[in-house]
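Visitor: Sequence:
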Amino acid sequence: MRALWLTRIVPHPASRDARRDLADTVALHKRLMSLFPDSIGPDPRAALGVLHRIDDAPTGPHVLLQSGHQPDLTRLPDHYGQALTRDLSPLLTALHSGAHINFRCTASPVRKPGATTRALYNLPAVVPLHGPHADEWWLRQADTAGLKVLTLHSQLLDSATGVRGTRGSSNQQRVRHTRTRFDGTAVVIDPDQLRTKITEGIGRGKAYGCGLLTIAPHRGAAA
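Numbering (my numbering), first residue to last: 1 to 223.
Hint data in this document are derived by calculation from the structure and do not stem from the laboratory.
Do not rely on the hints blindly, as some may be mistaken.
[Said to hold, decoys possible] Keeping only pairs whose Cα atoms sit at most 30 Å apart, straight-line, the calculated DSS-like set for lysine-lysine is:
no. : residue 1 : residue 2
1   : Lys30     : Lys112
2   : Lys30     : Lys197
3   : Lys148    : Lys197
4   : Lys197    : Lys112
Start from the sequences and build out the full structure, keeping to the hints where you can.
Guide: Here it is as structure tokens:
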């Protein structure tokens, strides 16, 4: 099992850099990738196992960063905020069949209709899912992650948006991923499948704050 690190970054409200990153999903992706070595390869995010999401907290937004390489937090700008990294190996090693867990995943649930269906109903190549359709999507994802979902609460979030490429140039591309946060409890059916999904992430938009699955022991339940 590869090493995994989870870093919590609490941006300082007075930091202009932090405010910009929180408002632009492309800028935040670049900031987080700057915490790792350069020249990793053609897909450094996947090679480094980098996933992230923004969680709301009473003190303001927090950034959760998961990676297979320990980030260099000294690369954050001065006064950007507080950051702390911990090793996820003990949690992942302890996973076993029958364990009860809490889970959270902010993901981008979509459907990709076939060419005939798209032509018949004039649909785009990727159709965002909402409400019960998003819940059904998540239940399928949880099943492939080796989980039996016991309880589920979903909440539609603002879309992750930003601009990729040079603004005003021909290579400019607007990034937009609809997001739903899934919270709940589950029983672990297959620990190896769960470790794989935690490491690889779920769904699309992984570079832009979607797909990070985090778990914690469900206190008070039989393990």
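Visitor: Each hint: holds or not?
Guide: Hints, one by one, checked against the model:
no. : hint            : result
1   : Lys30 / Lys112  : 28 Å, holds
2   : Lys30 / Lys197  : 23 Å, holds
3   : Lys148 / Lys197 : 14 Å, holds
4   : Lys197 / Lys112 : 21 Å, holds
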